[in-house]
Amino acid sequence: MSDGNVFLIIIALLPFAGALMPGLMIRAGRTACASFTAIPTALALTMLIVLAPDVMRGEVIQYELQWLPQLGLSASFFLDGLGLLFAGMILGVGLLITLYARFYLSGEDPMGQFYTYLLLFQGAMLGIVLSDNILLLLIFWELTSLSSFLLIGYWKHLPEGRQGARMALAVTGAGGLAMIGGMLILGNIVGSYNLTDILAAGDQIKAHDWYMPALILILLGAFTKSAQFPFHFWLPHAMAAPTPVSAYLHSATMVKAGVFLMARMWPALAGTEAWFYIVASVGLITMVVGAVIALFKDDLKALLAFSTVSHLGLLTMLLGFGTDKAAIAAVFHIINHLTFKAALFMTAGIVDHETHTRDIKRLGGLSALMPITAVIGTIAALSMAGIPLFNGFISKEKMLEEAAHTVWWDNPWIIGALATLGALFSVAYSLRFIFHVFGGPVRDDYPAKPHDPPFGMWAAPALLCIPVVLIGVMPHLAEPLVNVAAGAVTGVEQNAKLKLWHGLTPALYMSIIAVIGGAILLWLHKPLDRAWIAAPRPEAKTIFDALIAAVVSLTRRMTDLLFTGEISRYLAIFVAASVALGAVAWSGGGLAAPDRAPLPVDPVVWVGWVLLVAATGAVVLMHRHRFRALVLIGIIGLMISSGFVFLSAPDLALTQISVETVTILLLLIALHFLPKETPIESGVGRRLRDGVIALVAGGGVAAVAYAFLQRNVETISDYHLANSYEGGGGTNVVNVILVDFRGYDTYGEIIVLGIAGLIIFAVMEALLNGPAGRRLRNMELSQDRSRDRHPLMMVVATRVMMPIALMVGIYIFLRGHNQPGGGFVSGLVVSIALLMQYMASGFAWTQNRQRIEYHTLIGWGVIIAGLTGAGAWLAGKPFLTSAFGYVHWPPIEEFELATAMLFDLGVFLAVLGAVMLMLYSLSRLARHAGETVNVEPMDYDPVERQDKREGEA
Amino acid sequence: MNHWIIAPVILPALLAPVIGFVMRYDIRLARIASLAGAVALLAIALGLVVQAAGGETQVYRLGDWPAPFGIVLVLDRLSALMVLLTALLGLLVLAHATATGWDDRGRHFHALFQFQLMGISGAFLTGDVFNLFVFFEILLIASYGLMIHGGGRDRMRAGLQYVVINLAGSTLFLFALGVLYASTGTLNIADLALRLQDIPLEDAALVRVAMMLLLIVFAVKAALFPVQFWLPGAYSNAPAPVAALFAIMTKVGAYSIIRIHTTVFGPGIEATDGLAFDWLFPAALITIAIGAAGVLGARRLMPLIAFAVLGSMGTLMLAVSVFAPAAMTAGLYYLVHSTFAAAALFLVADLVMAQRDGNDGLSTRAAIAQNGLMAALFFGAAIAMAGMPPLSGFLGKLLVMDALRAPGVIGWAWAAILVGSLVTIVGFARAGSVLFWKSTSLAPAPETGDAPLHQIERNAAGTAQVMPVLAMLGLLAALALFAGPLAGYLEATTGQLFDRAGYVAAVLGTNGGV
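Residue numbers (full-length UniProt numbering), protein chains in the order written: chain S, 1 to 953; chain R, 1 to 514.
Take the hints with a grain of salt, since some may be wrong.
Stretch-level coverage of chain R by chain S, calculated; a stretch enters the list once three of its residues show a Cβ under 8 Å from a Cβ in chain S [unchecked claim]: (1) 106-115; (2) 177-184; (3) 205-212; (4) 229-240.
Everything labelled a hint here was simulated from the structure, so no lab data went into it.
Values in this document were obtained by computation on a predicted structure and should not be read as measured data.
Glycine residues also receive a C-beta, built at the ideal position from the N, C-alpha and C atoms.
With the rest of the complex left out, here is chain S (with noise of 0.2 Å):
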């Protein structure tokens, strides 16, 4: 399961274990809240100092856990000088920032949540630089994006805040995104998704056809990570992000993160064409671009934010070279870079904070009033500017050094001459920085009177500028973790030598150009400052907003054209996707000969098969008129029902004719809260489409059909009728297969009965107790009644006809096994039986008179079917076995008792039970319309006329 170095895995997830920490220490307090962030960073940085020793030896410390082996995931992390490099740089910068961050939040912030998400970032970013796997740094990589997104987000009351935080996401979730795809293609490639396996295996990367894809995928996660341009315009934006975030995330790591993938690849990418000229290119580009706008942002941190994007340019440039010195600066120039920039982002931080504003052109004269947060921004900007004796002058020589030898597209001085432009720009940001901010008499005009902060908040920008002085005075310092680190990145072992003083190379002289042109830029930085703001530029944020917003807008047209809420719509393209479906599905195949006659036609179902065509056709053509159109589908019901009878299937048209008498009874009497027409609501465009699609549907139907009543094929039918009376005692093969075959089916159906039920009740008792019943209250129903809405005649017949319809409906149930009958058709007799009752005499008389719950009936229905399945439980039979056998008590003829008979008790009840709840519920709509009520059976009883007559006489 998992081998290697215990250390590596606990380094890599420290942060996440810790990351619950501030969130619940801060209720102790704010230093007891940073001290406890510290603890894991601490910790962490400790065990890699254990580490570093051997990795320093060249070793590569590893450890694998096994997770997904499925996908070829695993959590394996390993070690080398890469790794060393930028987790030393994430944990310690980490550390310092942790610190600087106590003094910088104010009491307002929820600094528990700041330090929890500083946590969790710290912990995705180590993920990233320790993953031995690339789809577990895929996870990490998004991690850091998502972090970021809350880091920027932070102070979320502010709408700069949200909108960076959503573009930053928005921007590097892309590159993410493209990332997954290229890295899944690498894995694809190598047959393998570990990282060392694939920086072994460059060459037969760089081979294969899909090498252009993959690397395209990578680089774009990359460059959006890195800020590159044109993705470079995320990183200004983020620098909404309290300061700490600033320095941390968008200087010091996170952006390097990208910068770290193309150094991490390099073995398994670099080397090619493409690699070249894309990356390089990308790079220089970048670097100028991002120079040059710093110049001319009057806000601290977007001064410094373009600042990085033309370092982290210089550093991809650097890589995309592709020649070992190139890696050797470029890792040299990581190291350099992170000292002096997280220094000036604090130091604009103390700025900001102290003075209460970051805009460059309302500062000035700070260095008598802050002296010492100005030596710590002087060191840090001198370095940036590339001024000899700072450690930023070393590395930009050895990068000036390669761009002057390197040729592109047959043009050698291209490249250098760019280099030297943007090293020229990067003296006058750099200078103006200094001279603009700290230099120049002291004003009197600040938003808050500045003076230097507290010890603990430049404490760890004058930590990071030791470095930058040691490394500017003794850069052989830093040789060994160069060289190791370059050595991981370039797979070859580095010993290169690192020196102040490297003669009078082309690169010294670029450098002079640059410092001195720099000079003059800032002191020309007035009239080009007003030639900037004139001149017409694209403002990458209005473009981002209006492409956000042109593709928001976009989807939302395209879902509401989709998504109209129209049924009748819907309903039209689910028949013509099912016509055309199937008209595909049907003509990739054949069909054999028919191989079945025809049978006779009969001249009855001549007349039958009319009258349903024309009843059908009626529907269509009088369906506004709802009473017309239930008849009408009352004859259609009533013609299929003959057929059944014509075709032999007296069980099945003995339930189509009790269906079709209760349903139309009930629609009769829902049709009375109901509009009696139905208002024409389409164009005769819309009829005719949707008439087409109807016709082209059944015609299909008729087509298949009949495709298939022309074939015999074998069915399992067979079986059922031969083992239906002696395996399932009934002679009734239609009732044994409902209650016994196939009577989990049937059980199944009663239950849809019985929920029907509960929702017609559920629903009634909604509507009646919201607006709908205010409505109903008020509405004018007809009041066209007749006199005599309970006649006499029509009370005593079904008075009379009840026992009777009883006695059918009993006889129906019982014979069902053997004969056409069962539980169903006979729950429907005996509901027409009740339902006539309260016909002639009205629901609430009726009700009156009956006691038994229609509920409770249902309930009953489902527990007797189920638990007489269940009692086959007790035989060690499977649900729904069911047993028979026959009795013979004397003065009655032998009958058979079946538990099929019981089960179809339960039937009878549920369809019952249903039915009537339906009745119930459609009465109490009547009485919330205002429907009387009758005390009184009949509306004229005659017995009572003649009381009234002898009382009178």
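Put chain R on the given structure of chain S with help from the hints.
What follows is chain R alone, placed relative to chain S:
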């Protein structure tokens, strides 16, 4: 015979009438019974998974009739997994509905809920296509009742659309079954699989139509283009806990395709070879696009989540559409993941809406009382749904993409998944930023600002209300953390699914004829 196989159907089927008809006047009693039932169902489901994990396909012959003449239930790894998924989701959603009082806003919630669980479990367990139809009916009618629970004009209207479209689907289901029976003479899945092998392409027109119609029927449930139209309206107007439960309803459609169109019409069947892919694949791509666009363009939170569900169904069906073992394994993982992710989102949305007076508009209103907590829960659920790490969505996405690398498939599939993810991420980021960030920039509205403390406290979600969401997020994390063992089970599941001969032999008790 192992009677536990039918327990997930019979237990709720017996419990529901008792709750609905005996306990209908006491909500507490109904709650206790319903929760106890859900816990028992979970225990049974766990037991079934343990049994199925051994790899034996168990058959339960209802009425003791031999297959294919009676109805059979079939327990294999896939059906056991789906039942477990149902039971877990059901319990958590039920806990939420009980804790938030949703169950008391209309009649018969618990009875309908139990019937719903019964319908879903029955559909997963059956080995008979007609019986599948019956259980589709049960879960449809129960879901209709749940959907309109609590009433209201928009909900009733959306409910009507939902039921109409699904009834149209049921009608088509009947047509399809008619054609299928007329062309094969059987309804038992194993028997169908057996008979399909002997139908030559020259004689396959009818069975191909049946297969395609069945596919459309299942696609209606799975909300696949062009029969996806019902989903956003239905889900966004349903009570949020019900919408959360519906996360499994779309999976019933997906499951049916996985089961029927692999076992019966799957690879190697001459009559229908490649037919399902030709439609499913492009349809899944378009569904992803529609879902993602809907997420970005949404004006309200509930439709946003509904469209996210749509998109996730697209991704799932993309994996299913190629009917290959590795992709199916990935699809199953994604299926499990997306069920919980969708449900978690709906539950969070419910908690948020409860504090915004039921308003889910993505417009700025004053921050809610528990802004931080809700934001964190939403963030967790959203990154799961959008497929960002560290929750299971990311692994699901990777698995699906990794499995879909056949030429001709890779370009479209990857582009759809990646671009769809991006659009979804941006959509969720916008929504969350309006709901939880922008709202803090506003001064509290006067009526809430002056609201007495007890009112704020009344609105605040208590532990019992937050726990189900937290449990779901925990499950999503566990899915990621234990992805290895889970994928192992799913791999075995897929192996069993594609072993047509094994299935046929287990059900029909023969050597399967293959």
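Going down the list of hints, with the structure as the test:
1. 106-115: Contact hint for the region 106-115 of chain R vs chain S: holds, 6 residues under 8 Å.
2. 177-184: Since three or more residues must qualify, the claim that chain S covers the region 177-184 of chain R holds, with 6 doing so at under 8 Å.
3. 205-212: Contact hint for the region 205-212 of chain R vs chain S: holds, 7 residues under 8 Å.
4. 229-240: With 4 residues close enough to chain S, the hint holds.
Checked against the numbered hints above, the structure breaks none of them.
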